[in-house]
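Chemist: Take a look at the letters that make up each chain.
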Amino acid sequence: MTEQTTLESAIDAAVEDGQSLYLAGFSHLIPFASGHEIIRQGYTDLELVRATPDLIYDRMIAAGCASKATFSWAGNPGVGCLRAFRRAVEEGVPNPLEIEEYTHFGMVARLKAGAQKLPFVPLRTFAGSDLPEYNDKIRTVADPFSDDGENEGEDVHVVPPLEPDTAVVRAQRADADGNAQLWGIVGETVDAALAAETVVLSVEQVVDESVIRSDPNRTMIPGTAVDYVVEIPYGSHPSYVQGYYDRDNPSYVEWDEVSETHESTLDWLDEWVYEVTDHREYLEKLDAERLLDLQPQPDYAEPIDMGDYS
Amino acid sequence: MITRAASELRNDDTVLVGVGVPNLACNLAKRTHAPDLEMVYESGTIDSEPDSLPLSIGDPVLASGARSIVPMYEGFSSYLQAGRIDVGFLSGAQIDRRGNINSTVIGDYDDPTVRLPGSGGACEIASNSHRTLVVVPQTKRRFPAEVDFVTSPGYVGGREGRAEKNLRGGPEAVITDKAVMRFDEAGELYVESIHPGLTKDAVQTATGWELRFSDDLSETPAPDPEEIRLIREELDPEGVYVEQQD
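Just so you know, the protein sequences line up as chains A and B, in that order. Residue numbers are given in my numbering: position 68 of the first sequence equals residue 68, and the series is strictly consecutive. Residue numbers are given in my numbering: position 149 of the second sequence equals residue 149, and the series is strictly consecutive.
Honestly, the hints are just simulated from the structure, not real lab data. All C-beta atoms, glycine included, are put in the ideal place defined by N, C-alpha and C.
According to the in silico footprint, chain A covers these stretches of chain B (three or more CB under 8 Å from chain A):
no.: 1; segment: 35-45
no.: 2; segment: 56-66
no.: 3; segment: 121-130
no.: 4; segment: 148-154
Using 20 Å as the maximum straight-line C-alpha spacing, the simulated EDC-like pairs for lysine to aspartate or glutamate come out as follows:
no.: 5; chain 1: A; residue 1: Lys137; chain 2: A; residue 2: Glu98
no.: 6; chain 1: A; residue 1: Lys117; chain 2: B; residue 2: Glu74
no.: 7; chain 1: B; residue 1: Lys200; chain 2: B; residue 2: Asp177
no.: 8; chain 1: A; residue 1: Lys68; chain 2: B; residue 2: Asp111
no.: 9; chain 1: B; residue 1: Lys165; chain 2: A; residue 2: Glu133
no.: 10; chain 1: B; residue 1: Lys165; chain 2: A; residue 2: Glu154
no.: 11; chain 1: A; residue 1: Lys68; chain 2: A; residue 2: Glu91
no.: 12; chain 1: A; residue 1: Lys68; chain 2: B; residue 2: Asp110
no.: 13; chain 1: A; residue 1: Lys68; chain 2: A; residue 2: Glu100
no.: 14; chain 1: A; residue 1: Lys137; chain 2: B; residue 2: Asp110
no.: 15; chain 1: B; residue 1: Lys165; chain 2: A; residue 2: Asp155
no.: 16; chain 1: B; residue 1: Lys165; chain 2: A; residue 2: Asp143
Looking at chain B on its own, in the form it has when it is part of the complex:
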C-alpha cells in the first residue's frame, strides 16, 4: 500500500498528508522519485520536513523547519478551498462503489453501533483537492455497496452529480492491501491491478458488491527492494505504522 500510494505522487505536487500510511508514502516519494514534493498538514504546517516520524498531524517535528505555519482557518480557506492543494489523502471506516467515505458512524447516526471520530478535515479534503487518493485495508465490511454515512463525498450521483455540486477533483485511486482500483466514466470503482500472490476471488470476497475488473487487469508491480529498505530502516525503523497494517 505504501509503495503504490507513493508511486501516485508527482514531483511538483503539493500534498495534504495524514499520519500513518500517507505520511510514509509521501516521505518515501520524497526520497525517491519526487524530491520536491511539498507536504502540507491539516494542522497548518506548510512544506514540513520532519526529522522523525510524527506521532500525529499536530506534532512539533512538522512545525520545526517548515516553510510556513498558518492558522487552521487560513489553511482550509486560502490553501485548500482556493485550490492550492493538488493531492489529498483519505482513509475511513467504510468506502463504497462511488468512492464515498464514512468516518462518522457505523449504524444509525442517532443510535450508533460504533461512534467514529468524525470528519476532521476529511470532508473538505475530499471536496477541494484536485485529486484524492484513498488508502484503506480491504475487507467486506469496509467495502459496502453504500456507506452508512457519507462523511466525505466521492462521485455522489456519478461524475456528473459531483460536478453539479461544484466539488473539485474527486477520488483518483483506491489503494488497498489487495488491489489498486480506479473510477470509470460513470464514477464507479473497478480493479486495475491485483497485488502479487492474490486472485480475483480474494479481492471480490473482500468487497460488498459485484466488482468490475479491468479488461487489462494486471498484477501490481512488487515493491522495489530499495523502497522496502527505506521504509524499514529509515522511515519507520520501529515498525510503528508498518505493523499497524497487518
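The following block holds chain A by itself, in its conformation from the complex:
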C-alpha cells in the first residue's frame, strides 16, 4: 500500500543508517528537498548511489552522511568539479569515501538488471578501458550462442543488478496511490524506482486519479512500486522541473565558491539545512521573487484523443 505523507515522516520511515540510497535524476527532477531532509535527520554510513552525483550528494558527503559513493560522473554540471566529493576521495575529509565506479551505460544497465530481477545485463562498453581493472563487478561472459556457427565466440562485458535499499524519485505529478507522470528528460528515474526495495516518490503536485487516467501513456512509475508519496512544490530547487521552473543556475555557480573549503561548506549547511525546519522554510528564506523568475512561459503539448469507447 502506498502512503501519502509528509517528507519528514517518509524519510524517517524509509531511510536507515548504512543503507544504499539512490536519489535519481539526470540534471532534471533531482530530489534536493529530500536530500536536505536526510542531512537534517543525521543519517550516517550511507552508500550514495547515482549516475551523476551532483550538488545534493556533495552536501550529503560534506555533512558526513556517506561512507561510499557509487557513480559514473561526479561533477557540478556545466560548472566544474564537486569539491566536497574530491576532498573526501583525495584527503578523507570529513571521512574517507570508498568509491565504486562505472560509466553511465554501466550504471543504468545495472539498474535495468535490478528492475528486471536479472542476474546481469550485457553491454558493449568497457572493452579497452581501464575501468574493469579497478571494479571487479565489471566482468565478461562468453557469448552462449557462439557454438551455433553464426557467432564468433565473442566475450561481452556484463554488470550485476543494482537494487538500492531506498530510492527517492521525483515527478511532476502523481495520484495518491503513487502512479506518477513525468515528462522532459527521464534519465534513469523509472529504472531506479523499479529496482529499489523502498521508494519515496516526491512530486510537484498530487492530482486526482482521473488526471492520471486521462493520459495513461505518460504514467511511467506505477503506484505498485511506490511506498510513500509526498507533495513538495519546488522540491527540486535548485535543479529544475520541466514546465514548472528552470534550473537556478546562480546556485550551481555559487556552490563552487561555497564548497571551496570544508568549513565554508559546513557554514552553508548550517544556514540552509540545519537551521531551517523544512522545505517550506527553505523556500521562504530563498524569497518568492527568485522562484517566480524561474518560471517558464507555458508551452502546451497538443492534446491527444484517447477516444471514448463506452
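Since chain A is already given, all that's left is putting chain B on it; use the hints.
Modeler: Chain B only, in chain A's frame:
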C-alpha cells in the same frame, strides 16, 4: 577549434553532442553547411533544437521542441550501442598518441593527485560511435605519450587492437587550439595542419612525445568571418564558452 570541429560534420550526420565547444560546433554546422544535422544528447533528447545555449547536457531547452526523449538506458542501448550515432564528441584531461582519453584520475587511481569527474558516457561514446572527434586545448601535460588512465579507448593496441576488441569506429580527428591531427594506418596521431600564426615547434612543445607531421603539412584554413559573426553574435553572445577556451 569551434569552426574546425564544425567543418568535420556532414549534413546527414546524427551527432552526440556535449556542452561547450561541441555544442557550439554543432549549432554552427547546423546554421551553415549542415542544416539537417541531428543533435542527440547523452541525457536522451533526440534531435534537440535549443533556442538558447544549454547550461548542461540535461538542460530543459534541449527537451522543449525535441523530436523525442528517451530514458538513459534506451539512449545508450538502442541508439548508441545499436550504431544509430554517426559522430560522438569527446574531450578529457589527457589524450595520448593512440587517442586514448583520460577523464578519471591524474596520478594513481587509488591515491589520485587529482580526482576528475569520471567517464559519464564518454567510454561508450568512444566505443560505439561510427566516428569520434576529440576537441581539447593542447598542452604538454594534456598530451602525454600514454595517459594515466584509459577512460575512453582510442586505438588501444593500434587499429588492429581496437578491431579485436569489437570496438566500433574510432577517433577520426583531434582538434586543438594549435593544430588538426589525424590517425595514421597504425592508429597513431600525426599533424595534418597547423593553425595560422603557429609553428611546428609550438605544436611539438605542447606535446609529450615526438610528433609526426604530415608530408603534406598545411596551414589550417582561417575561420570564415561569417562563422565568427555567428558564434559571437548569435550562438554565444555572452562569450560563455568562447571565453573558457582562452
